[in-house]
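**Q** Chain A is already provided as a structure; the job is to place chain B on it using the hints.
Protein chains in written order, with the working numbering: chain A, 1 to 362; chain B, 1 to 330.
One or more of the hints may lead you astray.
Unchecked claim - List of simulated lysine-lysine pairs, BS3-like, C-alpha gap at most 30 Å:
| id | chain 1 | residue 1 | chain 2 | residue 2 |
| --- | --- | --- | --- | --- |
| 1 | A | Lys250 | B | Lys130 |
| 2 | B | Lys293 | A | Lys250 |
| 3 | A | Lys250 | B | Lys8 |
| 4 | A | Lys250 | B | Lys24 |
| 5 | A | Lys250 | B | Lys29 |
Just so you know, these hints were derived from the structure itself, not from any lab.
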Amino acid sequence: MILGLFGLFLGIAGWHAGTLWESLAHTVQKLSGASVLYTLRDLDFLVSTLFVLGMLVAMGLYSGISCRQIQKTRSLAQLPEGQWSIVKRQFLKNRLAVVGALIILALYLVAFLCPFLAPYDPVEQGDRVQERLLLPSAEHLLGTDRFARDVFSRIVYGSRISLLVGFLAMGLAVTLGTAVGAVAGYYGGWVDSVIMRFVDMMLSFPSLILIITVIALWRNQSIWIIITLIGLMSWMGVARLVRGQFMALKEREFFQAAKALGAGTGRLIFRHLLPNSLTPIIVSATLRVGNTILLEASLSYLGLGVQPPTPSWGNIVYDTKGNLFTEWWMPLAAGMAIVVTVVGYNLLGDGLRDALDPRLRE
Amino acid sequence: MEKILEVKDLRVRFPVFGGVFLRKIAEVKAVDGMSFDLFKGETLGLVGESGCGKSTVGRAILNILHAMNYGVEISGQVLYHDSGKTVDLNQLSRSQMRPYRSAIQMIFQDPYSSLNPRMTVGQIVEEPLKIHGHYSKSERRDRVVWLLEKVGLTSRHAAQYPHEFSGGQRQRIGIARALSTNPKIVIADEPVSALDVSIQAQVINLMQDLQEEFNLSYIFIAHDLSVVRHISDRIAVMYLGKVVELGPGESVYKNPIHPYSRALLSAVPRPDPTATHEDRIRLVGDVPNPIRKPSGCSFHTRCPIVRPSCSEEEPALEMREGRAVACPFS
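One chain only, chain B, in its complex shape:
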């Protein structure tokens, strides 16, 4: 399989300003040394609890964090491979990045905030074509209709405003927008968590159909493990800005190795009322404050199998049973 994206030791630090002169008094290490690969045509599921840096990873790959956060520091490499050439997206300036933007697109979590309420659906889907394309007006219009039909809407919807649509329909509009520039990689940031369960399946199926048709690679960010399991070829489990376990979807889901993955997966509700929850692992306490991360293994404060050496040594990812795990004791 061919690698399309390689993330190497990605670190994202948000400064915290305070005091009279708004100096930097601390920093939040939202992403703290993430490394993973994305292969052509696969879906990589990225899971972890809220605040572990999942969404930040997606936005760092897209290189849009600078616009929203003053003083954010990003280090590491985001290597994009395309037809033999390799580019480090993290090194590119805003104008240099522009040609690559059409290749990497994003589907957002909240369908109510991801569409500009003052633009019609047609304008929303057309906008990327205006920015990137060398299309004529009529070509753009044709493509908008074609895209809307691809995601299960009709050309009649193009003249309407986002507030006239349901959540599921809006998410379809968001997908049409993301696909309009023929991307190679689509980063889906919890695309279905704001939708009803019945609609979730529709949107997921649509995403899978489109992946097959256009040979897309997905980075699928979610906290709902059953959704991730359904769509992912590989799953990466994140804790406090780091990958703790990365491997093939079914095996990670069925037989997690890292104690955090195990705890996370034992929390998935089973659709079986008679099943007992004896095997459920309950974690104690909250996620530590990412401003003051625990030393050593950042999970040692909550780990059920903690050893004294855990607070001293930071475990590296090791290959075990066909996947990478960051815990030597499990």
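Bound conformation, chain A alone:
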């Protein structure tokens, strides 16, 4: 189970690294000028194919390892049920949570397999006279927009931006929040007071307006800057959570025992406090992904997020809002994609919280 999760995480991280690499390659290509050795679409295909192959290998490895594990447990007689298998069973019992997990899994698959799923290049413009604002048909599932681009392909490719932003911004927020919260909770006293007043101050800023201001001042709307800004504006909740957890865990006797043994600060934090705070961190991270995706969509809708022609769900809605009364399916589809993703993440987070909390078990 843990291995599977780890594999999934590796896959996700690897894919994001791939995206980063892709954008780097793109920049290099632009800078080097003229000769186009390969198009972005070729690269996409390459990355997707690598992903599919990687997944196959990972699945093979995983099934091999789990087979061996099953053999091992059989030979070890009747061991009591492990913590993780209880969590798994509890999670699978919760149908809504499973639906959420499936939605997220499906979305990641879509994002990984964009080139295979999207029938057209998302940024390629067709004949501006004949193929503009076509009705949905077998060739264009959601019709074309005012630049004669296939909307379905754009929404498929838009999933990459949303998942990328969601994952990385959340990762940044959780890392930062955990570090800050850990320091405040572990040291307490005036350190805690100073840090928590700073957190209160950060929380009282309207984050969207602050981000808009910074982007406007920066005059640069690279996706990486947006991710960083969103991450920097959403770590405070995690910091409060981790601080609270640490303060509660410090009262527990196993912490006092470690203290009485003379364990150092590093051991106390990384062996005793952090592993026991992981559950709420995972849950809040999952629930937070939805928020960051929404924030990115709002920014893109305001024209301050991902810049066209790169498709993101937010800027698809922005692009097509002029056609709201005639070609209403275009903004609706993009909006629905946002809603489904956020709902998926929230269901997953709720399910994880219930499954990981022993008090909520029957």
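**A** Here is chain B on its own, set in the frame of chain A:
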């Protein structure tokens, strides 16, 4: 007999913060001038009702209060004697204290909270060896197995997590952890009060066997007097952060002198249904708030034999009938 630990006039004050700027508005005198000695190989029972500062004494000796409580003030001396040398543990910084930590260990009250749920039993017992020992990996593993067998578990248990064990088994794991560094002193903070009565006897017997084998000195904190009587060589009765009576276990139990000890001991249930409870002394009222302690003898608000002078003069411990008692009138 050789003294191994001397506690002299130990005082622990917890600040109470309040107001807009979280200033210190009051303080709780949890331990208010405790003095006692601990001899090599003996068990000193520490009894008193909840909130009298028993556990705080234990944690103050271990010098772990600073980590959990911001602004706590500790004064007095905790002298540790080892092979002719004497160290005041209370004066040591965190890093200076480290070498002495292996000599003084603690067994905790709640076996459900004293073991890290994310570590296997093997890791829990091994941790002290990693912190203190100069053991190799295989030596550590051997010692963990040896320790687990000493407390009545097997090497097979090392790979399991604490939640897979019963309360009694967990307490054994806690004991194995405390013993792993070859301590001289073990502070047991109500080690059996969370266990079933049948398991209590097992754990107590285990502790006594280990004491004999390793020549341990115990400070046994409890509120259950029958348990304390069974294991203790000497008993110290505490009230509001102070020792009110300290003497040999049997004589304190059978014939308490201080009015508080008498009231406490008369509350012990007797396993005899025909016995009358006429001799039971009922105390009136609650334990006073330790933020606002009564003046003079802190027991005078509830004392059955109170005199007018009790609220003015604080009685000192006086030797009487082979023990120390802090009441001139009893």
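**Q** Next pair to validate is Lys250 of chain A with Lys8 of chain B; report whether the Cα-Cα distance is within 30 Å.
**A** Roughly 28 Å separates the two Cα atoms, so the pair holds.
**Q** Regarding the pair Lys250 of chain A and Lys24 of chain B, is the alpha-carbon distance no greater than 30 Å?
**A** OK: Lys250 of chain A and Lys24 of chain B at ~22 Å, within 30 Å.
**Q** Is Lys250 of chain A close enough to Lys130 of chain B, meaning Cα to Cα at most 30 Å?
**A** At roughly 21 Å apart (the allowed maximum being 30 Å), Lys130 of chain B and Lys250 of chain A satisfy the hint.
**Q** Are the Cα atoms of Lys250 of chain A and Lys29 of chain B separated by 30 Å or less?
**A** Judged against 30 Å, a Cα distance of about 22 Å means the pair holds.
**Q** Has the given pair, Lys293 of chain B with Lys250 of chain A, been kept, meaning a C-alpha gap of at most 30 Å?
**A** Answer holds: Lys293 of chain B to Lys250 of chain A is near 29 Å, not above 30 Å.
Violated hints are absent here; each numbered hint is respected by the structure.
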